[in-house]
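Protein chains: 2
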Amino acid sequence: MLQRTSWAPRRVPALTLPRPLFWCLVCLALPGTSVLGGQAGATEASVASKPLTLEAVLAASKPSDWQPLDPEKTLYMQLPAGRVVIQLAPQFAPRAVDNIKILVRQGYFDGLAIERVQDNFVTQWGDADHTRSLGKAEHAVPAEFIFSSTNVPFTILPDPDTYAPEVGFSGSFPIARAPKLERAWLVHCYAMVGVGRDDDVDSGNGSELYAVIGQAPRQLDRNITLVGRVVQGMELLASLPRGKGPLGFYTKSEPRVPIESIRVAADVPESQRSHLAVLRTDTHTFEEVVESRRNRRDSWYKVPAGRVDVCNIPIPVRSR
Amino acid sequence: MLQRTSWAPRRVPALTLPRPLFWCLVCLALPGTSVLGGQAGATEASVASKPLTLEAVLAASKPSDWQPLDPEKTLYMQLPAGRVVIQLAPQFAPRAVDNIKILVRQGYFDGLAIERVQDNFVTQWGDADHTRSLGKAEHAVPAEFIFSSTNVPFTILPDPDTYAPEVGFSGSFPIARAPKLERAWLVHCYAMVGVGRDDDVDSGNGSELYAVIGQAPRQLDRNITLVGRVVQGMELLASLPRGKGPLGFYTKSEPRVPIESIRVAADVPESQRSHLAVLRTDTHTFEEVVESRRNRRDSWYKVPAGRVDVCNIPIPVRSR
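The listed protein sequences correspond, in order, to chains A and B.
Counting in the working numbering, the first sequence runs from 607 upward without gaps.
Counting in the working numbering, the second sequence runs from 607 upward without gaps.
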């Protein structure tokens, strides 16, 4: 019995719709909305029997499927154990991202520490004791919890979501959309990064940031500004000892992991950058990634789910 | 700016429906199904303005709301950092639980190790190298992926679920239900414990177990046997270094956390037991816990979600 690699899917097949069915669904879709398999993908009978591994889907991808990370929209957080790479989302939270970059370029975070790790919730870092000057950064940044969905590219998921009328992807980020309200917002999936705030909606300024390390805390959606996503090194934040204080804050007697530095990637010499690219979510390749998660058909899976949660879809990242 | 305790809800209020509305919904409910607030709870206008903290809800609970853990249905896994307490679910997976208890009582796990930690997925332990005899335990246990929902108590959640027609709770476990099929199954929420298996559905025997440490991997539902839930010490499993091998298995050069022992609580002297009780999920107190998660109304939250995922509801545990 080969249980060493057992029970977990050793192969992660992707299933694609038959082309005619796919194009039919595209025709039915709203303008500006791409369709990931449609409801037809939800039943066993309607999916094609062409299992592809996730690896095979990605291996067959075209260079144009991949978007290199923009060094001006990327942060490197250097911990003793390694580098955490954060892809910023200024298209959705321009003012918060601007303020964070001002802080970073002043060296604000260098020598600070991870201050909070709450199990199944968040890892948080920054200046818990407010000993540092914000310098040229704003002390209060207006809330960017939601944004207009007009002209925002949106690759919709066909499956129902508990929290929002529609969910999908835009610019390689998970987002939710309320079409009647013409509003959208970033979704608190695993590895998403946000801006700590006090009760006042404008009280966050980026001097405290958090990353989601557990079940998606979707109740935070539309209540706090998300600014990006950890695309490499997430395990360095998720595997830290949980804090013993209230809300998972470290107590004075607990050692804190220091932040050696946070840098904007553009400020790091080219030779020292992490050269990463993220899969574009408006591509056919990403459709196949999604379908591979909706219906797993390798021999391990006996009942394909036929559905997938927006937070259960990986947004692939690779070296370029 | 008190950001040290900011952005995360410092108070976790619970909201209850007005009593007449609640009883109205109870009247409308199907026989044998309890209702947690109903759809009426989903809108701001229909929830009462009586914020209660989760702590207040639990402080107001009655002793009868709490179910002490049954020592015959509880495992203690002793790691160097402390004890992990697992509540077993023999009502849903009797044969797997029986086999695991046979293994445990033979000392099968003592001196083995954590063998796999895959970020945002699972921590797995057991005998990866298959060096040990299973003794009197079965080598193959029939799949217990689903069970008849007939006569299974079910506290339904009113909110839609991506993966299942209905979700809710039974015996302090998260479950899903397909009423037309009269079938139900345990749900892969954070901290749920399952039985590793190979491709053959009957190949699992309990000699390798896993706990969920990230976003609920709901695609595993109905594909593998769940046997319980970690009710204390989950952070000891979730904060371990991620394995560098394929699927998060530790490589030979990585140190493994040893399992000092696994015991059935009933076999441990009374004085050394963890005396815990879990909140019954068929109580009014639990309704209030759920409502506190569906609509958070403390001053930090600006937009209550009005909905909640089955895996975002804590099932409270306390010392007794």
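Hints may contain errors.
Remember, identical chains collapse to one label, so a pair may be satisfied in a single copy or spanning two.
[Said to hold, decoys possible] Here are the simulated BS3-like pairs of lysine-lysine, each with C-alpha atoms no more than 30 Å apart in a straight line:
(1) Lys668 to Lys850
(2) Lys668 to Lys742
(3) Lys858 to Lys786
(4) Lys908 to Lys786
(5) Lys850 to Lys679
(6) Lys850 to Lys742
(7) Lys858 to Lys668
(8) Lys908 to Lys679
(9) Lys742 to Lys679
(10) Lys668 to Lys707
(11) Lys858 to Lys679
(12) Lys908 to Lys707
(13) Lys707 to Lys786
(14) Lys786 to Lys850
(15) Lys668 to Lys786
(16) Lys786 to Lys742
(17) Lys707 to Lys742
Honestly, the hints are just simulated from the structure, not real lab data.
Results for each hint:
{"no.": "1", "hint": "Lys668 to Lys850", "result": "between (47 Å within a copy, 28 Å between copies)"}
{"no.": "2", "hint": "Lys668 to Lys742", "result": "neither (43 Å within a copy, 54 Å between copies)"}
{"no.": "3", "hint": "Lys858 to Lys786", "result": "neither (49 Å within a copy, 55 Å between copies)"}
{"no.": "4", "hint": "Lys908 to Lys786", "result": "between (39 Å within a copy, 20 Å between copies)"}
{"no.": "5", "hint": "Lys850 to Lys679", "result": "between (34 Å within a copy, 28 Å between copies)"}
{"no.": "6", "hint": "Lys850 to Lys742", "result": "neither (34 Å within a copy, 41 Å between copies)"}
{"no.": "7", "hint": "Lys858 to Lys668", "result": "neither (51 Å within a copy, 36 Å between copies)"}
{"no.": "8", "hint": "Lys908 to Lys679", "result": "between (42 Å within a copy, 29 Å between copies)"}
{"no.": "9", "hint": "Lys742 to Lys679", "result": "within (19 Å within a copy, 59 Å between copies)"}
{"no.": "10", "hint": "Lys668 to Lys707", "result": "neither (32 Å within a copy, 52 Å between copies)"}
{"no.": "11", "hint": "Lys858 to Lys679", "result": "neither (34 Å within a copy, 38 Å between copies)"}
{"no.": "12", "hint": "Lys908 to Lys707", "result": "between (48 Å within a copy, 27 Å between copies)"}
{"no.": "13", "hint": "Lys707 to Lys786", "result": "neither (34 Å within a copy, 54 Å between copies)"}
{"no.": "14", "hint": "Lys786 to Lys850", "result": "neither (44 Å within a copy, 46 Å between copies)"}
{"no.": "15", "hint": "Lys668 to Lys786", "result": "neither (36 Å within a copy, 44 Å between copies)"}
{"no.": "16", "hint": "Lys786 to Lys742", "result": "neither (39 Å within a copy, 62 Å between copies)"}
{"no.": "17", "hint": "Lys707 to Lys742", "result": "within (11 Å within a copy, 62 Å between copies)"}
Of the hints listed earlier, those the structure fails to meet are numbers 2, 3, 6, 7, 10, 11, 13, 14, 15 and 16, in rising order.
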